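Work the whole structure out from these sequences, hints included.
One point on numbering: in my numbering, the residue at position 289 of the sequence shown is 289, and numbering is uninterrupted.
I should point out that these hints are in silico values taken from the structure, not numbers from a laboratory.
Keep in mind that this is a model prediction, so the values were computed, not measured.
It is possible that part of the hints are untrue.
What the hints assert, rightly or not - Calculated lysine-lysine pairs in the BS3-like style (CA-CA distance at most 30 Å, straight line): (1) Lys80 - Lys376; (2) Lys307 - Lys371; (3) Lys301 - Lys376; (4) Lys252 - Lys239; (5) Lys241 - Lys203; (6) Lys252 - Lys203; (7) Lys280 - Lys332; (8) Lys241 - Lys307.
As the list claims (entries may be wrong) - Taking CB as the label site, the calculated pair distances span: (9) Gly111 - Lys307: 23 to 29 Å; (10) Lys80 - Thr278: 43 to 49 Å; (11) Lys307 - Met157: 25 to 31 Å; (12) Gln281 - Thr324: 34 to 40 Å; (13) Asp236 - Phe99: 22 to 28 Å; (14) Asp373 - Arg125: 23 to 29 Å.
Glycine included, each C-beta is placed from N, C-alpha and C at the ideal position.
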Amino acid sequence: MARIAIPAETAANETRVAATPETVKKYIALGCDVVVQRGAGDGARFTDAAFEAAGASLADDFAGAALAADVVLKVQPLNKDEMNLVGQGTVVASLHAPFTNPLLADYNTQGLTSFCMEMIPRTSRAQSMDVLSSQANIAGYKAVLLALEHYQKFMPMLMTAAGTVQSAKVLIMGAGVAGLQAIATARRLGAMVEAFDVRAAAKEQVESLGAKFVEVPQDDEADAEDAAGYAKEMSDEYKQKQAELIAEHAAKADIIITTALIPGRAAPVLVTEETVTTMKQGAVIVDMAVEAGGNCPLSKKDEVYTKDGITFVGVSNIPATLATDASALYAKNMLNFMGLMLDKESGELNIDREDDIIQGALLCMGGEFLKPDLLKGDA
Numbered sequence: 001m002a003r004i005a006i007p008a009e010t011a012a013n014e015t016r017v018a019a020t021p022e023t024v025k026k027y028i029a030l031g032c033d034v035v036v037q038r039g040a041g042d043g044a045r046f047t048d049a050a051f052e053a054a055g056a057s058l059a060d061d062f063a064g065a066a067l068a069a070d071v072v073l074k075v076q077p078l079n080k081d082e083m084n085l086v087g088q089g090t091v092v093a094s095l096h097a098p099f100t101n102p103l104l105a106d107y108n109t110q111g112l113t114s115f116c117m118e119m120i121p122r123t124s125r126a127q128s129m130d131v132l133s134s135q136a137n138i139a140g141y142k143a144v145l146l147a148l149e150h151y152q153k154f155m156p157m158l159m160t161a162a163g164t165v166q167s168a169k170v171l172i173m174g175a176g177v178a179g180l181q182a183i184a185t186a187r188r189l190g191a192m193v194e195a196f197d198v199r200a201a202a203k204e205q206v207e208s209l210g211a212k213f214v215e216v217p218q219d220d221e222a223d224a225e226d227a228a229g230y231a232k233e234m235s236d237e238y239k240q241k242q243a244e245l246i247a248e249h250a251a252k253a254d255i256i257i258t259t260a261l262i263p264g265r266a267a268p269v270l271v272t273e274e275t276v277t278t279m280k281q282g283a284v285i286v287d288m289a290v291e292a293g294g295n296c297p298l299s300k301k302d303e304v305y306t307k308d309g310i311t312f313v314g315v316s317n318i319p320a321t322l323a324t325d326a327s328a329l330y331a332k333n334m335l336n337f338m339g340l341m342l343d344k345e346s347g348e349l350n351i352d353r354e355d356d357i358i359q360g361a362l363l364c365m366g367g368e369f370l371k372p373d374l375l376k377g378d379a
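Shown next as structure tokens:
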């Protein structure tokens with residue numbers, strides 16, 4: 001019988017939790033023993049009583065939860081203090097921030113079996129475990145609401161006795177999971193939406209949601225997307241054309257939401273300082289890439305401020321602002337992932353390293369670090 005620990009998150013602004021009462025019941029049905037740190041679900045409105053009713057036992061602190069645990073499930077990566085309280089050989093599954101986390105090698109030295117949820121392959125079989133998609137979907141929705149909070153006008157067009165209010169013009173940069181959800185949300189709220197993406201394959205999805213696709217003509221469109229479906233770094237010539245096109249559309253936008261990220265690299269600058277000077281008074285920029293440096297150099301991590309009439313929203317952990325649903329989806333992703341390793345009869349752990357999903361997410365095991373390029377910084 002595997003013992004699963006669910007600690008409280010301690011990272012700043014993190015309100016999510018890696019399990020819910022619903023998933024705890026399912027772990028227990030698989031024959032597992034589950035211990036939850038008191039208060040772990042408070043930020044997401046899951047009470048200790050609800051976890052107890054689901055069959056979990058409660059621990060007073062991280063050490064108590066992790067003591068003798070076979071598995072530790074988290075949202076944010078283990079910090080140094082937590083790492084030192086986890087026993088050798090323990091399975092730890094969480095987001096790992098693999099391109100920026102300085103403790104990756106230490107997890108291996110500590111003898112942990114670490115699974116990086118961000119590195120789960122983006123395949124059809126792994127869709128139910130894809131935490132990046134589930135959390136990006138939430139972030140795209142909430143980004144539009146954050147923009148509205150600071151935008152001083154209506155989103156839809158309104159015809160009133162006092163006159164007509166024009167609908168907001170929204171420009172969304174990046175049409176991945178977050179961008180597409182932002183498009184859908186802004187459209188539902190009545191905005192006129194344009195979307196930009198370097199991947200030509202995104203055009204059909206953007207237009208299916210009722211938005212206009214803004215694209216830079218290029219000779220080899222396939223090069224804009226890598227094998228995993230992510231946007232790739234583009235040529236200098238393309239970047240120049242892109243900057244000119246974005247500046248043209250940004251000048252007309254009331255709200256800009258940027259979502260562009262390149263794994264392992266700083267976020268590409270899409271909205272330059274020069275472009276910002278051409279924007280309307282009262283315009284809002286929500287920079288969803290702020291944690292990776294930002295798609296706008298004027299964005300500040302975890303700050304909202306107004307300069308020269310433009311408001312910059314730099315919330316870095318948007319899913320945590322919708323912690324209940326974000327936790328529920330993350331917890332289901334985690335349950336589906338752990339289901340690959342938990343024996344349905346005994347609840348014991350069985351890690352099949354030949355499984356492509358397990359192989360993709362496994363960082364270290366038995367003293368062996370399996371993703372050495374991450375340590376070199378050139379992944």
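Hints, verified against the model:
no., hint, result
1, Lys80 - Lys376, "holds, 21 Å"
2, Lys307 - Lys371, "violated, 43 Å"
3, Lys301 - Lys376, "holds, 26 Å"
4, Lys252 - Lys239, "holds, 20 Å"
5, Lys241 - Lys203, "holds, 18 Å"
6, Lys252 - Lys203, "holds, 21 Å"
7, Lys280 - Lys332, "violated, 42 Å"
8, Lys241 - Lys307, "holds, 27 Å"
9, Gly111 - Lys307: 23 to 29 Å, "violated, 49 Å"
10, Lys80 - Thr278: 43 to 49 Å, "holds, 46 Å"
11, Lys307 - Met157: 25 to 31 Å, "holds, 29 Å"
12, Gln281 - Thr324: 34 to 40 Å, "holds, 36 Å"
13, Asp236 - Phe99: 22 to 28 Å, "holds, 23 Å"
14, Asp373 - Arg125: 23 to 29 Å, "holds, 24 Å"
Checked against the numbered hints given earlier, this structure breaks hints 2, 7 and 9; the rest are met.
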